[in-house]
Amino acid sequence: MKNYSILIIDDDKDLLKSLKAILEGDNYKVSTAHDAKTGLNMFNEHKPDLLLLDVMMDSDLEGQRLAHSLKSDPENRDLPILIITGMTDTLGVNIRDAFEDIEQLPNVHMLDKPFESDELLTSVRQLTEGSVIE
Amino acid sequence: MDPKNNRIYRFAFWLIQLRWLGVLCIILVTFISSRLLEISVREISLYILSACFLFLNILFYFWLRRILQRRDHDPAPWLRILTNTQIFADFLALTVMLHFSGGVENPFIIYYIFHMIMASIVLVPRESFIQVTLALLMIGILSLFEYSGILPHYALEGFVSHNLYQSEKYLMATGIIFMSTSYMVVYITTTIVKQSRRHEEAYTKANKELQIKDEIKNEYVLRITHDIKGHLAVIQGSLNVLHKKSKGSFNQEFMEFLETASQRTSVLIRFVKNLLYLTKLKLSNEFVTASFSVRESLKKVVASLEPEAREKSIKVSLEIDETVNQITGFKISIEELIANLLGNAIKYSEQKSQVEVRAKQVRDQVLVEILDKGPGIPSGEIKLVFEEFYRGSNIQRDSEGTGLGLAIANKIVKTHGGRLWVESVEGEGSKFCFTLPL
Chain S
1 MKNYSILIID DDKDLLKSLK AILEGDNYKV STAHDAKTGL NMFNEHKPDL
51 LLLDVMMDSD LEGQRLAHSL KSDPENRDLP ILIITGMTDT LGVNIRDAFE
101 DIEQLPNVHM LDKPFESDEL LTSVRQLTEG SVIE
Chain V
1 MDPKNNRIYR FAFWLIQLRW LGVLCIILVT FISSRLLEIS VREISLYILS
51 ACFLFLNILF YFWLRRILQR RDHDPAPWLR ILTNTQIFAD FLALTVMLHF
101 SGGVENPFII YYIFHMIMAS IVLVPRESFI QVTLALLMIG ILSLFEYSGI
151 LPHYALEGFV SHNLYQSEKY LMATGIIFMS TSYMVVYITT TIVKQSRRHE
201 EAYTKANKEL QIKDEIKNEY VLRITHDIKG HLAVIQGSLN VLHKKSKGSF
251 NQEFMEFLET ASQRTSVLIR FVKNLLYLTK LKLSNEFVTA SFSVRESLKK
301 VVASLEPEAR EKSIKVSLEI DETVNQITGF KISIEELIAN LLGNAIKYSE
351 QKSQVEVRAK QVRDQVLVEI LDKGPGIPSG EIKLVFEEFY RGSNIQRDSE
401 GTGLGLAIAN KIVKTHGGRL WVESVEGEGS KFCFTLPL
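From first to last, the protein sequence lines stand for chains S and V. Under my numbering, the first residue of the first sequence carries the number 1, and numbering increases by one thereafter. Under my numbering, the first residue of the second sequence carries the number 1, and numbering increases by one thereafter.
To be clear, the hints were calculated from the coordinates, so they are not data collected in a lab. Fair warning: there could be bad hints in the mix.
Unchecked claim - Computed list of lysine-lysine pairs in BS3-like fashion (alpha-carbon distance at most 30 Å, straight line):
(1) S:LYS20 - V:LYS245
(2) S:LYS20 - S:LYS71
(3) S:LYS13 - V:LYS244
(4) S:LYS29 - V:LYS245
(5) S:LYS29 - S:LYS2
(6) V:LYS217 - S:LYS13
(7) V:LYS245 - S:LYS17
(8) S:LYS17 - V:LYS273
(9) S:LYS20 - V:LYS247
(10) S:LYS2 - V:LYS217
Please read all numbers here as calculations on a predicted model, not as lab measurements.
Sequences and hints are given; from them, build the entire structure.
See the structure below:
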C-alpha cells in the first residue's frame, strides 16, 4: 500500500499532535501547520495526498475559505479534503449554509468533532483510497 | 416594504370588499321594502343609486391597483387619499339613499354610525373628525332642505305615519342626539384604535428585540459548542494515542484507569452531543421536511442495530403493514428517533429475548410500536420517562446512559405533530408507541 501523505491544518496544537500520532500509527506520512497561511505554503511545497482541515481557526471559517480557494484551482479539483468541525450540529445557520456548498465539492468529507480515532481513520482511508488512482 | 403589508392598504381593500356587499344589501332591502313590505320607497332611483355606487367601487378597485403598480412613488399618501375619498363617497351615497327613502325618518340613518366607526378605525383622528363633520353637514343639509321644501320629501308610506321631517322638535332632538353620538363614537373608537396601535408597536418592538437576543443566544451556543467539543476532541485524541501506544507496556491497574478515562470521555461526548441536539430541537422548532419512505427507514434502523441485538442473542422482528410507506418529515431525525427507541429496547432486554417493531396506518397517521421484554417502568415513573435526565429507578446505574434519549425522542415526535407514549408493566416489559402524520 502506498504511504499517503497528509497535511493537517488546525490551530489547536494539542489536537494536531494527537491527530498526527493517530495517523502516523496507521502509517501515514503526516505534516502539520497551525494556521491557514503556513498550511497553504506547506501545501504548495509538499503537495500532500490529503488535506485535513479545521473549519474554525483564527478567524471564523478560515478553513472553509482555504478549502474553497484550493478547490477552485483546476489542478487541485480532485484533492481529497477532510474537514473537521465542532459545529455541524449547532444552530449557526450561516455556518450550515457555508458547509452546504463545500460538501458539494468533489472528494470532500466532513467529520464532526470530537470523533473516535477509528472514525477518523475510516474517513481518511475512504478519501485516500477512493480518489488516488495508482 | 411591500405596500400590501401596509395597514392603510388593507383597509382600503377591506372597504372595497365591504362595498360590494353594501351595494347588494341596498338592492335587496329596496326590493323587499317595496315589493314585499309595500313601503313606498323610490325603487328606480335607489336601483340607479346602486348602479352608480357599483361603478364607483369598480373605479376605486382600479385606483387601488394602479397605486400598487406604480413603483416610482411612495404608495402610502395615495392610499390615504383613496381611503378618505372612499369614506366620503360612502357618506354621500348614504345621504342620497336616505333622501330617496324617507330622509331623517328612515331608521337606516343609524348606518352613519357604522361608517363613522369604520372611518375612525381606518383614518387618523384628525381625518376621522373632518369626515364625521362632513357627514353631519350632509345629513343636516338634507333635513333642512326637505323641511324647507327645497328638496322633495319622499315619505315612507306604509312604514312611518307621521310627517316627522316637518317637526322642529323632532329634528332638533334627533340632530343633537345624532351629533353627540357621532362625535362620541369617533372619539371612543379613535382612542381604542390609538391604544391598540400603541400595543402593536410595543409588540413589534419586543419581537424585534427577541429576535436580536435569539441571534446572540445562537451565536453563544455556537461558540460554547465549538470550545467544549474542541477540548473533548483533544482529550479523546490523546487518550486514543495513549491507549494504542501503551498496550503491553503498563500494568493492569494503569490500563484500567486509562480504559475508564476513555469510556467516560466517550459518554461525556455523547452527552454533550445529545444536549446540543436537544437544545437545537428546542430552539429551532422547525425542520426541513420532505417526503420519504418510513418503511425504508425502519428497515435501515433495524439493520443498523443488528450487531447490538446479535451480541445479546436478541431476535428483532419487524412487521410493517402494506399501507405504511411515505410520510413527510425530517428523515434524519425520524431515523434517530427509531434508533433511539429500538436501541433502548435492545439495551434493556434480557439475553435471548425478543424485541418487536410494528408499524401500521391508523387513519391519517403512522403508528409505530416497539415492544421489549425488559425490566419495564415502575408505574409511578411512567409520567417522568420523557423528562430530561430521567433514569429509571429499577435499572442498573451504568455509566453509559445520558438520560436525554427519550427527551430527544419526545421532542422529535412533537415537532412533527405526533405523539409518543409508553405502556409498561414493571418486570414484564415496555411498549413504546409513537404516531406521525402522513
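Q. Is LYS217 of chain V close enough to LYS13 of chain S, meaning Cα to Cα at most 30 Å?
A. This hinted pair holds, its Cα atoms lying about 29 Å apart.
Q.
Please verify whether LYS29 of chain S and LYS245 of chain V have alpha carbons no more than 30 Å apart.
A. holds (18 Å)
(Q) Given the hinted pair LYS29 of chain S and LYS2 of chain S, is their Cα-Cα distance within 30 Å? (A) holds (10 Å)
(Q) Run the distance test for LYS20 of chain S versus LYS245 of chain V: straight-line Cα separation, threshold 30 Å. (A) The given pair, whose Cα atoms are some 13 Å apart, holds under the 30 Å limit.
Q) Has the given pair, LYS20 of chain S with LYS71 of chain S, been kept, meaning a C-alpha gap of at most 30 Å? A) holds (24 Å)
Q: For the pair supplied as a hint, LYS20 of chain S and LYS247 of chain V, confirm whether the alpha-carbon distance does not exceed 30 Å.
A: Roughly 19 Å between the alpha carbons, so the hint for LYS20 of chain S and LYS247 of chain V holds.
**Q.** Pair hint LYS17 of chain S and LYS273 of chain V, alpha-carbon separation not exceeding 30 Å
**A.** Roughly 24 Å separates the two Cα atoms, so the pair holds.
Q. Is LYS245 of chain V close enough to LYS17 of chain S, meaning Cα to Cα at most 30 Å?
A. At roughly 14 Å apart (the allowed maximum being 30 Å), LYS17 of chain S and LYS245 of chain V satisfy the hint.
Q. Is the straight-line distance between the alpha-carbon of LYS13 of chain S and that of LYS244 of chain V 30 Å or less?
A. holds (20 Å)
Q) Regarding the pair LYS2 of chain S and LYS217 of chain V, is the alpha-carbon distance no greater than 30 Å? A) This hinted pair is violated, its Cα atoms lying about 48 Å apart.
Violation of the numbered hints given earlier is confined to hint 10; every other hint is satisfied by the structure.
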